[in-house]
Structure formats: structure tokens, C-alpha cells
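Colleague: The lines below spell out each chain.
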Amino acid sequence: MADVLVYVDHMDGAVRKPTLELLTLARRIGHPVAVHLGPGGADAAKILAEYGAVRVLTSDAAEFSDYSVVPKVDALQAAYDAVSPAAVLVPSSAEGKEIAGRLAVRIGSGIITDAVDLENGDDGPIATQSVFAAAFTTKSRVSKGTPVITVKPNSAAPEVAPAAGTVEELAVSFSEAATGTKVTVRTSRGSSGRPELTEAAIVVSGGRGVNGAENFVVIEALADSLGAAVGASRAAVDAGWYPHANQVGQTGKSVSPQLYIAAGISGAIQHRAGMQTSKTIVAINKDEEAPIFELVDYGVIGDLFDVVPALTGEVETRKS
Amino acid sequence: MKYVPDATGDRHFAKDLTTDRDAVDGLLSELDEYAVEQALQIAEGRLQEGADAEVTVVTVGPEDARDAIRKALSMGADEGVHVEDDGIHGSDAMGTSLILAKAIEKTGYDLVVTGMASTDGTMGVLPAMLAERLGLPQVTCLSAIDVADGKVTGRRDGDAASEELEATLPALVSVTDQSGEVRYPSFKGIMAAKKKPVTSLDLDDLGIEADEVGLDGAWTEVEDAAPRPARTRGTIVKDEGEGAKQLAGFLADQKFI
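In the order they appear, the protein sequences are chains X and U.
Numbering-wise (numbering that gives the first Met the number 0), the first sequence opens with residue 0 and increments by one.
Numbering-wise (numbering that gives the first Met the number 0), the second sequence opens with residue 0 and increments by one.
Among the hints, erroneous ones may be present.
Once the Cα atoms are required to be at most 20 Å apart in a straight line, the calculated EDC-like pairs of lysine to aspartate or glutamate come out as [unchecked claim]:
no.	chain 1	residue 1	chain 2	residue 2
1	U	150	X	175
2	X	16	X	198
3	X	181	U	109
4	X	318	U	241
5	X	285	U	241
6	U	237	X	175
For the record, the hints were derived by calculation from the structure and aren't laboratory data.
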């Protein structure tokens, strides 16, 4: 089997879950070689090795934090040149997709975005995608060059598979384009203590029915009782009740959790595009005719201000 | 100075597993409306300063992609460029980005503004691929943008941090739906749009060989496309005081609690 490059998404060495999923998928088609850029490489290597990385290529340079996107493309290309992989896997974050897109142009390879599954085929990896607001499932492969594939969070359950995880310093020459876009200020987003929306196994979302920013505590309480992330419909975000970073839908995040609970969300196509690949869908809505009920595995017609707090209470009771 | 947003529209698969656009009216993709809006605001700002500014809209697609151009012209863009050619059919992200890059180069620009993602297929990669092909700084996924003194600055909201970015023109920008409200075309704008020029280009005009784009030039192949089975509606209960308990029972059965 050949090597497969896996781009590591991390916060100062804390490896994010989608990367572990990628390592699991990479093992289906080859030997995972992780590429870790920025600080914390040594710490990251331990968990990367635990989940199957046979090698970890590291590089830490000021360019990665001082400039936007391109220095990371330069580094990933250096890794590509050094390893000659059978494929390059990148998490489907906004930045991940940009890195993947530029890399594909540089190395002259096809790119597949937002894959939700990966398998080995006779002519290389075959990627599964959900497209057209999840109305279609496609299987695609790259027919020219080395496959560059971005993979959505929650596409695979990370599997522990201890490997050597040998750490090697990656030599990177930054291109002239690397300093094109300067990061003049960076403000970290405070952590809510909840799971990342796109990575969460359970998501609880509130919509127009929540009827005010102050009422989102009802949604948050249910999410916290379930260890879930909090989402919001576009209507709620546009009304200023919840941050855009939590928006689920066509112009927000696309989520595919094990369980999606929609409270006070009508289920417009715009929203459904972002959540209808969830494994189990539950909706709570006063309107019996709400389109969201067409998608549900379980629905409750009722006032969310009665049902959601009561459900939170039930969950807490059953936990103890 | 010209600002060049791109637009796209689509849906369905045709027999050769490419996107079948025949059955769908072209429309200005919602995310690209924000790009047009921001391009117009930047141009208006320039005009108010007494500088020259012009907004050109570029799109690639079949005949009805012109509807997208007309919409942008109605909003206030100055002219349109439409790349149309049978040979484009079946192009993937590599092919589409090549066509767009050539069209943009031919049109000329100081700033390229794109939506942050297409809502049809190449989610989120096209702006970066264009920047790579054009050799431009990318200032992307912006929720706020400003152009002054030969520089573009903007705010990029990521999962982990918010970043203020800065690049010297010429540059490529993509904007999100958080970048500002999109105006509605006025009646006057709709009437004016009818007189605005729309240039048609084909692959020959762009110096692109047939085998570089389209199905033959595609770098990816769709091997199978199947409609996802519609989700069958599950159990729905009316809450008469017991709804939460019933739902909790369902979640327990599913082992979520």
C-alpha cells in the first residue's frame, strides 16, 4: 500500500476530531502520513500515531500564523513532493477546502470536495458525496493526477490503530505568494465548552419559534443535558438571537450528527440542506404542517417552551 | 477599475452524470448576490471619491446563465461577460476555475469578488483555485470588506478565530452572507439593465483547448449518481403534557440517553 497524506487540523497541537476521522479513512486506502503545521507538533504526534499515522511531518514557522492560507499550501505541497502519496486528504473546513483547492491546481490533480465516505477502488480511491441539498448520493474518483479529497466531519468513527508516528521535520520553502495576505489581527473565539457544531454527535437547534435571544437558554439547557452542540436556523441568526457561527443551513454550517433536534424550526429547504443527512432527526414544532415533520424520525407537535424544558428534565432524571 | 464577481446556477444530473442545467432556470446564486452587492458598494465608494470604477459580472454556463447576469445588471453592475460553449459541458472544479480565470484575465480587473461558495457543486474551493491560477492574494470568506489606498482589508470569521486580513491590490476576495444586506433591483435598474452590454465568449476566445475542459478534460469522474431515498416520516405525536416523556422514551430506545 502507498502513503496517504492527511492534513492535520489542530489548535496549538490539540488535534481536532475530523483529523482522526481522516486517519481512519486514510487507512482504507494506504498508510497515513500526517502533516502538522504550526506549534505543538510533538504533542500532536502522540495522538496522531495512536490513530494510525505511520509518520508525522512537522513544520513550525511564523508564516503560518502571520499570513492567510498560502503558507499552508506551500507546506502541504512540500509534503506532497517529499512523500509522493497515492492521495491527499484534507478536512472540509473553509480553510481546508481552500488549501486543497490551491494544492490541486498546483500539482495538476483533480479535487473532490465534501466527501462523506471513502473506499478503495480498482483505479484509486472512490469518494461518496451527498449533493443537491442531499437529494443525491454520488460516487466519484479522480481520473487525472493524485486525488485531493476533502472530507466532511462525522464521515467516519475514528478508530484507534497504533502506529509508529515517527516525527520528521518537513523542509518548506515559502513561495512569493505566501506573504500576499497578512493577518493583522487575530481574535480567538472563546470556547463555549460545547462540542464543535460540525463535529458534534448530537446537535440541538433553535429557530424562529424560540422567539428571542434570551429564550435560547431553553435550547442551550437541552443541549447541555445531552452533551450536544447548539445550532440555530437562519431566521434566528438573522434576527440576531444567536451567532452566525452556529447557523445550520445552506449559508451556514452543514452538519451530519447522529442526532439532530430541531426546535421551533419550520424546515425550509435552506435549513434542510444543512442537516438532512443527520442519522436521526427529531423535531418539536407547534405547526403540524411544518415541512420539518416530513424529515423526522420522531416529531412532537407542541409548544417548544413546554416540551423542551420538560425533555431536559426527563434527560436529567434518566441520567441519575 | 473593474470588479468581477462570478455567478452560477443549476440542479439535477443528466444521463452522462454531469449536471443537467436544461431543466432549471439559471439564477444568480444567493451567495453570489452578496459578492455583487459588495462589488457595487466598493465601486460606489470609489465613484464618490471622484475616482473611476466599473463593475463587470462574469459567468460561465448555458444560455439561461444570462438570467444571472441580467439580475446583477439590474442591481447596478455596468456590464456582463458570459462564457458559453458546448465544450464546457461536464467541467469540474479544475475546468471551471480555468475557464473563469481566463475570462477574468481577458476582462481585466483590479479586484475580483466572488461568493464564498457555489451552491451547486464546488463548495468553497473555487475562490482559492482562481486566486492560485491568477496569482493573486486571496482575501476570502469575508464578513466585512473595505478597499482603500490600494489595499483590501476584511474580516474572516473562522471556527477558531476572527482574523483581520490585508492585501495589496490586485487581489481576489470572497464574501459570505454576513457581509451585508443585498439590495433589490429598482424598476429604474431593471430598465437600465436592458441596455447594458453583455459580451459572449467561447473557448476559442479564451484560448482554451476543447480537451482541457468539459467531460473529456474533467479531472474527476462521477461513477454513480443515485437519488437518496426520501426519508420516510417517522412517529409524530401531539403534546398533551406527555410529549416530552414520549420523546425521551424514543431517545432512550435509540440509546441517546
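Colleague: Give a verdict on every hint.
Modeller: Hints versus structure:
no.	hint	verdict
1	U:150 x X:175	18 Å, holds
2	X:16 x X:198	7 Å, holds
3	X:181 x U:109	18 Å, holds
4	X:318 x U:241	19 Å, holds
5	X:285 x U:241	15 Å, holds
6	U:237 x X:175	63 Å, violated
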